[in-house]
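Asker: This is what each chain is made of:
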Amino acid sequence: MLEIKGLTAAIGDKQILNGVDLVVPPGEIHAIMGPNGAGKSTLSYILSGRPGYEVTGGEASFNGHDLLEMEPEERAALGVFLAFQYPVELPGVGNANFLRTALNAQRRARGEAELDAPSFLKLARAEMKRLSMPDDMLKRNVNVGFSGGEKKRNEVLQMAILKPKLAILDETDSGLDIDALRIVSEGVNAQRGPNFSALVITHYQRLLDYIVPDRVHVLSAGRIIRSGGPELAHELEAHGYAGIVADAA
Amino acid sequence: MSAALKTTALDATAQAFLTRYAGLRARLPGSHDARDAAATRLRASGLPGPREEAWRFTHLRPITEFTFLEPLTPIEDCPRLLARLPEIDAPRLVFVDGRYRPDLSTPPEGIAVRVGGPAGEAVLAGEKLVDLNTMLGEDGAEIVVADGVDAGTLVLASLATDRDARHGAFHPRHAVSLGKGAKLTLIDVALGEGVYLNNSVLAIRVAEHAHLTHLRMQLESIRAFSFATLFADIAEGGEYDSFTLTIGARLSRNEVHANLSGPNAIAHLNAARMLRGQQHGDFTSIIRHIAPNCQSNQTVKTVLDNAARGVFQGKIEVARGAQKTDGYQMNQALLLSHDAEMNSKPQLEIYADDVKCSHGATVGEIDAEQLFYLRSRGVAHEEARAMLIRAFLAEAINGISHEAGRAAMETCLDAWWGADAA
Ligand SMILES: Nc1ncnc2c1ncn2[C@@H]1O[C@H](COP(=O)(O)OP(=O)(O)OP(=O)(O)O)[C@@H](O)[C@H]1O
Ligand SMILES: [Mg+2]
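Going down the list, the protein sequences come from chains A and B. Heads up, the first sequence is in the numbering used here, so the first residue is 1 and it goes up one at a time. Heads up, the second sequence is in the numbering used here, so the first residue is 250 and it goes up one at a time.
Hints were generated in silico from the structure; no laboratory data involved. Bear in mind that the values here come from a model prediction, so they are computed numbers and not experimental data. Ideal placement from N, C-alpha and C gives every residue a C-beta, glycine not left out. Hints are supplied without guarantee of correctness; some may be wrong.
To be verified - Residues from chain A that face chain B, not an exhaustive set, calculated with beta carbons under 8 Å:
#	residue
1	Gly92
2	Val93
3	Leu162
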């Protein structure tokens with residue numbers, strides 16, 4: 001269970017999160033929508049431990065562990081995964097090596113046996129097939145020269161291989177073509193189960209037709225100003241944020 | 250001026266070498282004319298000093314802390330050092346403390362090898378370290394591959410033993426000559442223990458359409474001094490493809506003079522260096538495009554940790570007649586500490602008008618975004634850092650086509666992460 005209470009955070013002297021309250025019970029998928037610059041990516045970065053933010057108040061825990069006290073790699077080993085809005089290129093690092101190193105680092109941290117190269121390749125190839133990714137993506141350098149959509153797909157591949165307990169998908173749908181959107185959504189839905197929860201950040205209701213959320217939240221100016229069921233996404237699609245933001249003010 | 254007349258520590262060291270020469274002269278092999286001439290020049294001009302432009306960034310001062318003597322006759326075996334030689338299934342020529350050791354060597358078939366004295370004709374006379382080598386050089390290998398012969402792979406190893414208080418200086422002089430259309434991969438490894446000075450000279454001739462792959466691994470003792478001067482002449486259609494890994498030595502200078510003297514000749518002078526602690530590593534190259542249609546390529550990657558200092562001086566000269574020259578030089582450094590320092594001096598001297606020459610240099614730190622990306626995937630901080638450093642070097646290392654050689658380089662890199670900072 002992800003529990004965020006009164007979380008406030010700043011970058012330098014710019015306050016960005018202004019008291020975020022959010023609970024995602026195990027097995028649930030919640031969507032976060034909200035205007036550009038609302039703080040959605042900031043929230044997801046803070047949950048995954050990116051340096052550079054000052055948490056000025058509140059708390060965030062996952063399954064009882066205080067996330068804010070942990071190193072990024074410890075959070076990953078605990079099962080927290082962030083699909084980046086802008087995936088990072090790693091020239092000189094092969095995708096297969098990257099994925100296997102990450103998987104084995106997490107397994108080691110959890111006291112599990114490492115996967116040898118053949119078993120890993122088998123796993124990776126199976127997941128790539130499900131995501132309709134060509135095998136040669138394993139040989140290429142991580143995200144280098146990948147198209148926007150390929151990068152997003154590569155994020156979902158990492159999720160499928162690392163099998164997190166909490167996935168934060170930051171605009172994973174933007175840049176995907178119509179078929180890719182469906183394939184990627186199926187990849188996320190395949191993870192669904194009592195031990196998987198997700199925060200899906202998106203600007204488009206269409207994604208939520210594929211990944212049907214349990215709850216939808218609107219983040220604006222660093223706070224959740226409204227929460228509801230999947231129908232809230234349709235309302236936003238029809239009327240935009242203006243009305244809701246005005247109501248909250 | 251009185252400052253110029255004052256005897257410096259470096260002058261005293263030069264004087265000490267000259268005194269050794271006076272004592273050893275009668276016992277040194279070969280003709281003494283070249284030795285005497287080199288001694289005369291050294292007496293007049295001394296060792297390279299900080300006032301010389303070519304030595305602006307590299308000071309020889311640390312060598313003045315020691316008195317260097319000629320090595321004793323090797324008596325003991327050196328299993329520890331031999332065990333550190335890369336596992337490459339190839340014939341090898343092993344020198345210990347600068348002297349050829351037939352008992353440790355497996356000479357190649359199909360290649361003429363001569364040992365027992367300094368090899369090759371005089372090159373770069375007047376270069377001070379070359380003069381020092383000429384004056385005191387005792388041994389070396391002359392490796393000759395006949396026209397049209399594909400000689401496979403040969404390992405040339407220099408091992409230096411630790412003799413406690415006796416600090417050896419040795420001045421190997423090797424020569425490699427490839428006949429027309431000949432082929433050779435030379436894997437040149439230098440390693441050792443303790444404090445010593447290895448001042449080698451290697452003269453290379455690549456005849457028409459010959460191809461020399463030269464993989465160099467400088468793994469000298471972290472307390473040693475390593476100076477290597479290389480001269481390569483590449484004739485028409487010939488290719489000299491070198492990669493130098495520099496990990497060892499307290500103070501090192503690798504100086505390469507490559508002449509592209511026939512049309513369509515190619516030279517690759519790539520390098521990867523990893524230095525830390527107080528190490529100082531200098532890579533100086535002078536590439537001369539003498540003939541038209543030649544190509545030179547240089548990618549130098551340097552990783553500097555702690556208070557290490559890296560120097561890269563890369564000069565490309567394009568002679569008036571060397572039209573259609575294609576020269577590329579890229580020099581990139583990754584600083585892992587705020588105390589590390591990189592000094593770069595690229596230099597283009599172009600006298601032809603139809604040439605394509607580019608050079609670039611970057612100095613950077615580990616990218617925070619990349620580091621976080623890896624950590625967010627569960628890779629621990631130190632391992633993530635190591636991955637990114639490896640990634641930085643990958644472009645250079647991956648260019649090595651000789652598989653066993655590349656594997657040996659990678660083994661050295663892996664060992665570097667494991668070893669403690671000096
Ligand atoms: N390094 C930074 N320095 C200063 N301001 C920053 C920095 N990073 C983010 N911000 C600001 O913080 C605010 C929130 O940014 P964030 O990326 O979290 O928004 P978002 O909700 O994800 O927007 P989008 O929908 O466009 O992705 C923005 O105003 C942004 O300009
Ligand atoms: Mg965002």
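Asker: Now tell me if each hint is right for this structure.
Answerer: Status of the hints after comparison with the structure:
1. Checking Gly92(A) against chain B: minimum C-beta separation of about 3 Å stays under 8 Å; hint holds.
2. Residue-level restraint check for Val93(A) holds (minimum Cβ-Cβ distance to chain B is 5 Å; threshold 8 Å).
3. About 7 Å separates the beta-carbon of Leu162(A) from the nearest beta-carbon of chain B, less than 8 Å, and the hint is met.
Violation of the numbered hints given earlier is absent; every hint is satisfied by the structure.
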